[in-house]
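Make the full structure from the sequences, and use the hints.
2 protein chains.
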Amino acid sequence: MIHNLAKRAHDRNWSLDPIVRSLLDTDWYKLAMLQFIWKHFAGTRVRFTLINRTKAVRLAEVVDEVELRRQLDHARGLRFTKSELIWLAGNTFYGQRNIFSPAFIEWLATLALPPYRLVREDGQLRLDFEGAWEEVTLWEIHALAIVSELRTRHGYAQLDEMDLDILFSRAKAKLWSKVERLAGVPGLSFADFGTRRRHSFLWHEYVVSLLAAKLPGAFSGTSNTYLAYKHNLEAIGTNAHELPMVLTALARLGRLGEVGVQEAQYEVLRLWQQMYGGAMQVMLPDTYGSTQFFQNAPDWLADWNGVRLDSKDPYVGGKEALAFFAARGRDPGKKLLVPSDGLDVDRILGLHATFGGSIQPGHTAADFADARDFQDSAKWRHEPRCRISSGIGTNLTNDFSGCSPGNAADFAPISLVCKVTEVEEHPAVKLSDNYTKATGTAEEIAYYRSVFGSAGLAELPVTT
Amino acid sequence: MIHNLAKRAHDRNWSLDPIVRSLLDTDWYKLAMLQFIWKHFAGTRVRFTLINRTKAVRLAEVVDEVELRRQLDHARGLRFTKSELIWLAGNTFYGQRNIFSPAFIEWLATLALPPYRLVREDGQLRLDFEGAWEEVTLWEIHALAIVSELRTRHGYAQLDEMDLDILFSRAKAKLWSKVERLAGVPGLSFADFGTRRRHSFLWHEYVVSLLAAKLPGAFSGTSNTYLAYKHNLEAIGTNAHELPMVLTALARLGRLGEVGVQEAQYEVLRLWQQMYGGAMQVMLPDTYGSTQFFQNAPDWLADWNGVRLDSKDPYVGGKEALAFFAARGRDPGKKLLVPSDGLDVDRILGLHATFGGSIQPGHTAADFADARDFQDSAKWRHEPRCRISSGIGTNLTNDFSGCSPGNAADFAPISLVCKVTEVEEHPAVKLSDNYTKATGTAEEIAYYRSVFGSAGLAELPVTT
Numbered sequence: 001m002i003h004n005l006a007k008r009a010h011d012r013n014w015s016l017d018p019i020v021r022s023l024l025d026t027d028w029y030k031l032a033m034l035q036f037i038w039k040h041f042a043g044t045r046v047r048f049t050l051i052n053r054t055k056a057v058r059l060a061e062v063v064d065e066v067e068l069r070r071q072l073d074h075a076r077g078l079r080f081t082k083s084e085l086i087w088l089a090g091n092t093f094y095g096q097r098n099i100f101s102p103a104f105i106e107w108l109a110t111l112a113l114p115p116y117r118l119v120r121e122d123g124q125l126r127l128d129f130e131g132a133w134e135e136v137t138l139w140e141i142h143a144l145a146i147v148s149e150l151r152t153r154h155g156y157a158q159l160d161e162m163d164l165d166i167l168f169s170r171a172k173a174k175l176w177s178k179v180e181r182l183a184g185v186p187g188l189s190f191a192d193f194g195t196r197r198r199h200s201f202l203w204h205e206y207v208v209s210l211l212a213a214k215l216p217g218a219f220s221g222t223s224n225t226y227l228a229y230k231h232n233l234e235a236i237g238t239n240a241h242e243l244p245m246v247l248t249a250l251a252r253l254g255r256l257g258e259v260g261v262q263e264a265q266y267e268v269l270r271l272w273q274q275m276y277g278g279a280m281q282v283m284l285p286d287t288y289g290s291t292q293f294f295q296n297a298p299d300w301l302a303d304w305n306g307v308r309l310d311s312k313d314p315y316v317g318g319k320e321a322l323a324f325f326a327a328r329g330r331d332p333g334k335k336l337l338v339p340s341d342g343l344d345v346d347r348i349l350g351l352h353a354t355f356g357g358s359i360q361p362g363h364t365a366a367d368f369a370d371a372r373d374f375q376d377s378a379k380w381r382h383e384p385r386c387r388i389s390s391g392i393g394t395n396l397t398n399d400f401s402g403c404s405p406g407n408a409a410d411f412a413p414i415s416l417v418c419k420v421t422e423v424e425e426h427p428a429v430k431l432s433d434n435y436t437k438a439t440g441t442a443e444e445i446a447y448y449r450s451v452f453g454s455a456g457l458a459e460l461p462v463t464t
Numbered sequence: 001m002i003h004n005l006a007k008r009a010h011d012r013n014w015s016l017d018p019i020v021r022s023l024l025d026t027d028w029y030k031l032a033m034l035q036f037i038w039k040h041f042a043g044t045r046v047r048f049t050l051i052n053r054t055k056a057v058r059l060a061e062v063v064d065e066v067e068l069r070r071q072l073d074h075a076r077g078l079r080f081t082k083s084e085l086i087w088l089a090g091n092t093f094y095g096q097r098n099i100f101s102p103a104f105i106e107w108l109a110t111l112a113l114p115p116y117r118l119v120r121e122d123g124q125l126r127l128d129f130e131g132a133w134e135e136v137t138l139w140e141i142h143a144l145a146i147v148s149e150l151r152t153r154h155g156y157a158q159l160d161e162m163d164l165d166i167l168f169s170r171a172k173a174k175l176w177s178k179v180e181r182l183a184g185v186p187g188l189s190f191a192d193f194g195t196r197r198r199h200s201f202l203w204h205e206y207v208v209s210l211l212a213a214k215l216p217g218a219f220s221g222t223s224n225t226y227l228a229y230k231h232n233l234e235a236i237g238t239n240a241h242e243l244p245m246v247l248t249a250l251a252r253l254g255r256l257g258e259v260g261v262q263e264a265q266y267e268v269l270r271l272w273q274q275m276y277g278g279a280m281q282v283m284l285p286d287t288y289g290s291t292q293f294f295q296n297a298p299d300w301l302a303d304w305n306g307v308r309l310d311s312k313d314p315y316v317g318g319k320e321a322l323a324f325f326a327a328r329g330r331d332p333g334k335k336l337l338v339p340s341d342g343l344d345v346d347r348i349l350g351l352h353a354t355f356g357g358s359i360q361p362g363h364t365a366a367d368f369a370d371a372r373d374f375q376d377s378a379k380w381r382h383e384p385r386c387r388i389s390s391g392i393g394t395n396l397t398n399d400f401s402g403c404s405p406g407n408a409a410d411f412a413p414i415s416l417v418c419k420v421t422e423v424e425e426h427p428a429v430k431l432s433d434n435y436t437k438a439t440g441t442a443e444e445i446a447y448y449r450s451v452f453g454s455a456g457l458a459e460l461p462v463t464t
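Keeping their order, the protein sequence lines are chains A and B. Quick note, in UniProt numbering, the first sequence goes up one by one and the last residue is 464. Quick note, in UniProt numbering, the second sequence goes up one by one and the last residue is 464.
The set of hints was computed from the structure by calculation and includes no laboratory data. Please read all numbers here as calculations on a predicted model, not as lab measurements.
Which copy is meant is left open, because identical chains are indistinguishable; a pair holds if it fits in one copy or across any two.
Within a straight-line C-alpha distance of at most 25 Å, the following computed DMTMM-like cross-link-like pairs (lysine to aspartate or glutamate) qualify:
| # | residue 1 | residue 2 |
| --- | --- | --- |
| 1 | Lys174 | Asp410 |
| 2 | Lys178 | Asp163 |
| 3 | Lys55 | Glu65 |
| 4 | Lys230 | Glu161 |
As structure tokens, then:
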């Protein structure tokens with residue numbers, strides 16, 4: 001037995017095992033949005049803030065601050081490589097060539113992540129990223145992935161080599177049981193949306209590679225641009241809340257010309273369709289409540305390809321979206337739904353059965369614990385269905401619960417978020433379809449509610 | 001990334017991936033018996049025969065005959081190495097030094113496996129090993145391990161790299177669930193007896209290493225001498241049916257002096273205790289039926305350390321063994337039971353609860369599906385208990401059922417046996433405690449039954 005002496009010596013030499021290996025290691029929609037921001041809103045001053053909503057996990061006791069700084073600093077040192085830029089320029093996204101303009105690609109080559117501010121508060125870590133929107137925005141995913149993986153590494157340090165082997169064996173067995181349930185369901189389509197709260201880069205890469213190889217029909221691709229680039233997969237994504245949040249805040253400050261506060265959510269999409277056509281026209285209606293969004297939407301929006309469902313019960317939200325298209329005289333059967341909020345295998349199958357197909361041999365209604373509407377509403381079963389493709393995140397890329405031998409280490413995912421919190425030094429606000437998920441200052445939230453109303457929102461506070 | 005080019009090139013150069021790496025890769029009791037045979041019965045002509053009792057698996061279609069011959073020929077080329085012999089001579093077994101005499105060790109250094117005869121019959125493979133008992137006997141375990149692992153490799157060939165990774169992940173997850181159930185049970189003791197029908201050498205090594213590291217109290221050691229040597233573990237074993245089978249056949253041929261057919265089963269043990277004392281005095285009573293064995297046993301046998309239970313229901317057989325000691329005025333509480341017949345975790349825990357200890361916190365009677373007597377016999381619960389240490393085999397080292405992705409490959413263990421079938425060209429016979437497990441020609445079995453009777457045997461044929 002001849003050991004690889006150079007490798008062994010090198011492994012002991014490592015001063016840093018980097019978490020972010022490439023600036024491409026981000027959600028693809030961040031790059032699509034980046035071009036949008038770069039073109040229309042360069043120089044807008046914003047602040048993104050990363051916080052842990054799972055207060056029971058005292059992050060500052062789990063994540064070493066020095067190591068966190070080293071990882072963040074390493075990410076600041078990254079640049080898009082020549083090969084990556086050539087791929088971005090030459091690749092086809094959603095069937096379209098030349099999505100990224102030569103000028104944007106040229107600018108991307110110069111991009112570096114700006115400084116961060118890290119503070120400890122009550123056992124938690126808080127990261128702030130301030131600066132020009134087009135420089136700051138990429139931090140979101142990289143910072144989330146770094147903090148998430150450092151927490152994972154803290155867990156690893158509790159385990160010996162055999163425990164680690166069992167940990168991954170169990171996680172792989174668990175993943176495979178999901179693959180088995182997702183296999184052989186006609187017409188099923190889903191994508192990986194799990195970069196931000198993944199267990200680790202290498203696990204993410206393993207999961208995506210396995211799905212691509214073993215579910216080639218159903219697995220439509222990954223939101224992770226680097227994995228799409230490295231493994232020849234489709235890059236998947238739509239657009240995020242940060243666009244309407246920033247544009248609405250700008251409107252509120254009177255800096256969006258004629259566009260009013262309530263109109264800014266549509267102005268985003270008007271500009272988006274100038275830049276991107278066809279399949280990239282998938283709207284995200286829930287920033288200030290989906291019901292008001294659809295009620296007041298301009299008619300041209302009904303020509304869009306589909307709707308992403310991110311905070312309302314997707315069985316309710318999906319019907320609401322299809323009703324919108326029908327009310328505007330468009331065929332809902334040709335539209336696409338993209339559920340993306342906390343999905344797991346049950347929910348993917350239930351939503352597919354409800355919106356995308358019938359229950360298939362080998363599956364029974366009992367498989368679909370969440371498919372309330374499917375079971376309750378006889379009427380719905382006779383209405384036309386549509387296209388549906390789910391985006392599954394944390395439950396795919398960070399599902400290690402019950403895998404740690406003796407529960408010696410805690411790998412349960414935490415609710416880590418990184419959101420735009422300020423625009424030009426004023427608070428940014430999201431209301432969402434769920435009253436409890438609103439972000440922003442209390443005063444600003446009150447103002448936004450007075451503008452957008454609360455039609456169709458869940459978890460409304462009780463008024464006596 | 002620098003590849004280990006030499007390793008990669010070497011791996012492609014392999015002409016044989018050997019299954020048996022060492023003559024020590026055998027059950028330790030084979031070596032204890034080998035010294036016994038070498039000292040007392042050298043030159044006795046015997047035949048061992050390997051057959052597959054699971055006729056549904058057509059072994060000749062699964063195991064490539066050319067590859068089988070190459071593996072068997074490779075084993076024939078093996079010799080005990082100098083380090084292995086020094087270890088055998090210098091190590092302590094069951095607390096005793098110098099178990100193996102210098103003359104035996106000197107002879108061992110010259111030992112090589114003799115020729116084999118391989119034939120195909122009805123889609124099956126049959127292997128015969130004929131010659132002097134002391135040269136032939138080791139073939140049993142090596143041949144079983146070779147055929148078993150070749151079947152495993154045939155399964156591997158149906159799977160791609162990812163499938164193989166999932167296969168092992170599931171098998172490890174399954175193994176770990178056994179470790180979790182066996183952990184924390186006070187006084188529990190068990191050993192690995194799984195060499196002969198193991199999945200593969202490397203899997204066997206993994207299982208034993210994991211148990212040794214994670215259940216250091218309960219896991220008492222391995223029957224596999226090579227793994228004991230390599231990993232610094234206790235080598236575990238008693239003695240096997242081949243000793244009484246050959247000695248009884250010799251008595252039947254009038255070649256055992258004054259010793260009659262019925263007495264040969266005790267003559268084995270008389271010679272055994274001349275050679276090995278103390279903890280190695282564990283009798284195997286079931287070759288011709290345990291009930292007649294205990295009824296007719298000479299009184300000195302009641303001084304032995306314990307009893308291995310290998311074919312009778314161990315709850316019944318264990319009580320019968322303890323009753324033997326009690327009837328002869330010895331304290332059953334000081335005796336050892338070694339159940340070794342088709343054990344799994346449930347049975348190990350149930351037997352331990354019944355004979356070795358009380359039901360422990362965290363376990364309930366419902367865990368012990370097999371512990372019929374424990375639940376039924378209120379009387380038994382108040383009788384004194386004894387010492388118990390189980391030997392678990394195939395269910396530990398070859399439990400891959402349900403692990404193959406998509407069930408693409410069949411890794412279910414088969415009933416592969418290699419038994420002594422002839423002694424001096426006359427049939428050898430085993431009756432066992434289970435009527436259906438008898439081996440030998442019909443005529444000889446009938447004769448043996450007339451000698452030994454059928455008291456206490458299970459599965460007696462119905463007589464009308």
